[in-house]
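Asker: Residues per chain are reported as follows:
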Amino acid sequence: MADFVPIHPLGDPEAVSKASSNAGVTFDIPPDLSMVQVFARKGQEDNVIRKLGISDSPRTASSQKSFNALPLSPGQWMLVGNEKDSSKFEAAIAKKVAGIGYVSQQSASRVCFRVSGPKVRDFMSRGCRLDLGESVTSKGYCAQTPIAQIGVLLHQIDEAPTYDLYVYSGFARAFWHWLTETAAQFR
Amino acid sequence: MHRIDCPWCGIRDEAEFQYQGDATKVRPAPDASQDAFFDYVYKRDNPKGWHTEWWHHVGGCRQWVKVVRNTLTHEIHATGAPAEKLSLPRKKKRGSK
Amino acid sequence: MGKNRLNFGGTKLDRSKPVNFTFDGKTYSGFAGDTLASALLANGVVLMGRSFKYHRPRGCLTAGSEEPNAIVEMRSGPRREPNTRATVAELYDGLDAQSQNRWPSLAVDLQSVNQLLSPWLTAGFYYKTFMWPAKFWEPVYEKFIRRSAGLGHAAVEADPDTYEHAHAHCDVLVVGAGPAGLSAALAAAATGARVLIVEEQAHVGGDLSSTLDQIDGKPADQWAAEAWVKLKALDNVTTMTRTTVFGYYDGNVLAALERVNDHLAEPPNGQPRQRMWNIRAKEVALTCGSHERALTFDNNDRPGVMLAGAVREFVEGYGAAPGKRVVIVTNNDEAYRTAMVLKEAGVEVPLIADARTTPNAAAEAARAAGIPVEMGVLPKKAVGRLQVKAIELQRVDGAFHKKVECDCVAMSSGYSPDVHLVSQTGVAPIWREDILGFVPDTPKRQERSAGAGKGIFDLAGCLHDGHMAGIDAARNAGFEPAKSLKASRADPTSAVPPLAIWRCPGQGKAFVDFQNDVTARDIHLAAQEGYVSVEHAKRYTTLGMATDQGKTSNVTGIGLLATARGEPISDVGTTRFRPPYSPVAIGAFAGHERGREFQPVRQTAMHSCGEKLGAVFVEAGLWLRPQYYPKPGEGVMEAIYRESKQVRETAGICDVSTLGKIEIFGPDSGEFLNRLYINGWKMLAPGKARYGLMLREDGYVFDDGTTSRLDDDHYFMTTTTANAARVLAHMEHAAQVLWPELDVHFCSATEQWCGVAVAGPNARKVLADAFDEALDISDEALPFMGVRTFSWCGTTARIFRISFSGELAFEVNVPWSFGEAMWNAIWEAGQKHGLIAYGTEALSVLRIEKGHVAGNELDGRTTAADMGLGRMMSTKKPFIGQVMAGREGMIAEDRATLVGLKITESEGRLRGGAHLVVDKDDASAETSLGWVTSVCDSPAVGCWIGLAYLQGGLSQHEGKTLYAVNPIYDEAPAVEVCSAHFFDPEGERLNG
Amino acid sequence: MWRDPEPKPQYDVIIIGGGGHGLATAYYLAKEHGITNVAVIEKGWIGGGNVGRNTTIVRSNYMFPANTHFYEKSMKLWEGLEQDFNFNAMVSQRGVINLFHSDPQRDAFARRGNAMRLAGVDAEFLTPEQLKEMVPILDFENARFPIQGGLLQRRGGTVRHDAVAWGYARGADSRGVDILQNCEVKDIVVEGGAAVAVETSRGTIRGKKIAMAVAGHTSQVAKMAGIELPIESHVLQAFVSEGIKPLLDTVVTFGAGHFYISQSDKGGLVFGGDLDGYNSYAQRGNLPMMEHVMAGGMAIMPAIGRVRLLRHWGGVMDMSFDGSPFICKTGIDCLYLNGGWCYGGFKATPASGWCFAHTIAKDAPHKLNEAFTIERFRQGRMIDEKGVGPSPWIQ
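Chains as they are written, first to last, in my numbering: chain X, 42 to 228; chain A, 271 to 367; chain E, 48 to 1039; chain C, 16 to 410.
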């Protein structure tokens, strides 16, 4: 029984992302991310921030050795870790915020699409309502916004720029369909 | 298209929000009368001009945002978190610009 | 090469690229850079369309997007598009266009007989005629009117091209790349502001392509081209051509349509046909230019009678001569420029007739160039039918002057600043008698107009004004210009003001709105009949309501209305311009969201498991859910019947992942739930689940579901699939607005956890085998309404002993990525226990048999008591909806309450939506006692059964026979009223 | 067409609002009740509100008897209207189809269709095959929400909207009613618990009875008499395309996609969708709803993709908290209320005027409008066809 493994909503993410990348826009679908949503208890926001070593900026991610903390709303963050064992990650964070916050396991709830390439800003303008201009956003920028009617948690991870787009797993196929159709004009 | 300054996310398009009506209404105490609840649920000033109202940022941080907006010009005067007290723009005197 | 193609001019043409096209089946040749109109004119074709009402022959009036006459059907099959303006349709090889609104042919249009009926077809004719006799209206008159409606034919098949939306942000948006716009963009860009400049045409420069003037010592069109190159090279500037800003919306957001590939036969693979831009601009400079007006004289609509500026544009920009002998009629200086251009191109100009009597420099210059000019002379009537042959002229006093042979008349009645966009912002245009035009009043938004758009018509003035506007816009966006910044320069000119002439005297048809065939007389008539308000007159005559929105005609119409009312134009005012500036394809507004892409599809983790088993899927909101799993040769009803029967005999598995799931944390979670639900939660022990019902604040039932307590300060809520998003929003309102003091935190976990229900007498055996040593699900370890968390395959799973079917049943949740694995494990283990997969239909049958309410019963108008759940409403604690649920009408005796129905006839069936009556022969709105909400052919009961809301409910009707009347199906089966708990009312089967 | 009289100092009835409903009320007061000493007071020009900015659909396909009977009265009046006031309003009974896409929606439509039939209103169900025949441009192959069928009211259709206001105005004027344009009401004078006069931009005008018919601005006018109502003002957009040759022969409503469409006698496709969704008195709409509405169109009729939108505009709706109107007394003597029409105002015009005239003349509602009270909310007897409750922006 133990041979069952988690299955990505897109089957083989590496293969499909390679096949759909083109000269203008490239895709990557990082597998095995661990995600937990952290809530600070009433009045404990500052303590949680201190304990996790993250920033209180509402629109900038803070990077720690084992995770990135993406701000969601006051007192709430999505922690994205590179630890493959999501239960372990959850337990580690839960331990840190014990008594001052709560942790909800979200590793399976979202799929991450990583987009980049020379035309990525034009590409993003096709669906993203936010101003992602070079003079406006930079590495670490975080936002939640709908793209193609699908809720997206956006994280700019470098100055290339490269964007990580997290969407709910149920929409992964629909979102992927939109990404690839829209990217076709940048061939 | 309204552009609403979410206190958490910054200025965002109207399309990211779900409008949720008059924000001047305060829920009565749970043991209040039917009349008090009738006023809360049904009676509306419905002003032509400045209106304090809720916009739920469902496409963003999911916070309820309080907005002072003009129902005639669609101009937005102020936005804030639920607990903030937002004032209306001062009334201009008649005849002055 | 066409017979009217000039060797002169053609700044927009690429003469090295000949292009073939067809019009009404005949093949012609033009050049890349031509529009359909310019290419037709170059080929000597002036007849391009028929008017709407009178089917009068028409040529093009203008050379741009304001064109009312030359509108054609372009392309064919699913790409057929009606009402394309030939003056903006760029030529491509193989372009195929047809004239519109004519039969059998453009030259011989039999419906032009309408002209003979014209005494009855005047303004408002619809309202006054076609009335009697009454019975004739729909079958006879209306059919006639409808057949003559419209202009071109739309496609009848799906548009094969794609559209997309795009979003732009800038500090300064410049609308229009004419001299003022280019000047504004250059100035704003120099401050470092992010500038977006948008031009409607493929070429920039606007009027500069057809002028002989110079800027900064260079030919004007060369200056424009160089300015564009310079702007494109700047990092802080974005340029767009073939893009029309068509709407000025709230929040300083402007919408623009980019015609990405309309200049090609088909969009290249992967590219959209058009792109809709939402532009969020901090500041806007409106440099939209102006529109020339037609003079209103008899037969001013004859092909070959054109606006003077258009004639100039065709000659200079396209190297196409609209005629060989062109008479110019004008009330202003500008038309003289046309004469000079024609003269230089070698086209004969026998006369310039200027309505004014004051001497002016333009006339002197024309005379000096050898062009005859006569002052104080007006056009009287154009002669010729399919093309103008001559123009009759008159003195200002109406006396006949003379007739001049010609094949083209270039007319000008002055220029109207293009105030379309600015008036969309609510700025009322104000009348300026000195320029005979409306100009924008004080801005209400972050915008300013410049150049001809605000009534500055000389080139030097436009350049300077544009420059100042660019600086002002940048400054207001927070960017300071360098002191050294200077505008480009042209020689100043002085103009003599135009003379107001709204109607050149005459008795015939003088058109104001060409496309809608509104004549000067129609406007006079409307005023006479009392439609004196400008809005009434517009609606009554249809002035300005055609596809050009009256860009060339509104001001003339207002002038005529003012004359009829005997008031100044400033007292008459204008009608409101409505977006879009020019018509925009519906497909472009929809963008990507069409057909199957209308809304995104949401799939569960086990979607492919359903697919493998041959499931038929059904939409549930955005979700797709397996509806039933037909076996080969099995019909819908049989499959549903089999599935629901089998679950009660052995076991079934059902994908229930779509239920809304919300994780709730915090010490105040129990209190929070107490206030949300009508029943109590604080006493629920960890490891237990409970059914909950919540109300809206108005006291009606909102949603229901099972919520579990996983730990002291951790609850797990489920909602219905349909209400998942609404419940979350409702909770956010409660936590953020109503009770921010509660220490409670929650988030959606709908897609963290996927779930299956396993139900039936063998359910425990199936799961025991599937999860073997991982889990003890004996009755002791997991009693009814018990919840446990367990570890499986290295992940965390949750199992709930809850039942929607009334059978021994469990719901198992695992992380989304383990969904398929879980399904497969259970499926394999279940084979020896008779496990089948069942869909939403069987799920519904099973719950109807148990009398459980679902979406059909939760219709937003039912109370808890209506559902038979009134006793759940706690009296010991307050909750949302409690007070309003006590209103007299909501607790009244006469409310319809939930009952069961059994069909009592061996034939026939029940259907949802039937009404319940005592006497089927006395069925009326007044005798209807209720309605049927859900039905099924029940294997457990052995007949069709249903749930219904019935006035008087079970207490008054139990055991009685009623009729489920269903007039729209012509059925009225007899039914017996019974308890909704059809099957196993004691609930014994829950224990297996 | 109508006189431009000076206001008299006193009238038997003053009607505030020269829209379709106010003019119809005046017409029926004169015609049915012989009350002709009536003034219709209009702030701008008559018919300048929603009667001139709607999508012209008439129908009586409602579910609750209070609505069904009332709107059916309206249909019957529409059917005789043109001969009644000798002015062609182009009443065109081309059918109104509501598409359905799921079993629950089918059942809800069946309940409504059956309610109509039981109330003596025509209603029938269409199969997909019948729909294909009636509306060939519907796309059955690629719909996100497959079309399962439709509820048809054949007697429903369209009416030329401007003609309605003008026709009633002419009819009322010829019977002696004064239509006072450019006359803005500034205040309603209440003395001793009764309304006695209105202060206007053209002076004080006394009235034995005063009636409000100002949907879109009801809250503002009612406020003058100290009344606060369960009404919000919201913008509903309407759209018209360029004229095209006949493509669509009936009215089609795609409720699941918030889209409805018909083709006008001039060839334009006339369509609309949901409210813009926030309190507003601006007679203009915004982009998000435009895009949404046209996406709804392209979801079921992708052949219209290349047809161009010609114009769009917004009307200000009186959105009541249950989606149903008010035609009633107000609690202040001699003051009457007509409003809360939501989207139903245009089709209701004749019956609204007819019932309101009755209510004013008799100081008591007609049976047809007795449920349309303000008190129904206090009593918990809402008439909520949609079942969405007290959120006017989604009613």
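Because the hints were derived from the structure by calculation, they are not lab data. All figures in this text were calculated on a predicted structure; none of them were measured in a lab. One or more hints might be untrue.
Pairwise CB distance ranges (calculated) [stated by the list, open to error]: (1) A:K355 - E:P925: 22 to 30 Å; (2) X:E175 - E:R536: 31 to 39 Å; (3) C:E144 - E:E1035: 41 to 49 Å; (4) A:E345 - C:R18: 36 to 44 Å; (5) E:N67 - X:E175: 53 to 61 Å.
Even glycine gets a Cβ: it sits at the ideal position worked out from N, Cα and C.
Asker: State for each hint whether it applies.
Answerer: Here is what the structure says about each hint:
1. For the pair A:K355 and E:P925, the beta carbons lie near 26 Å from each other, so the given range of 22 to 30 Å is met.
2. As the Cβ distance of X:E175 to E:R536 is approximately 34 Å, the hint placing it in 31 to 39 Å holds.
3. About 47 Å separates the C-beta atoms of C:E144 and E:E1035, a value consistent with the hinted range of 41 to 49 Å.
4. For the pair A:E345 and C:R18, the supplied restraint of 36 to 44 Å holds, since their beta-carbon distance comes to about 40 Å.
5. A hinted range of 53 to 61 Å for the beta carbons of E:N67 and X:E175 is inconsistent with their spacing of about 45 Å.
Against the hints set out earlier in the document, a violation occurs for number 5 only.
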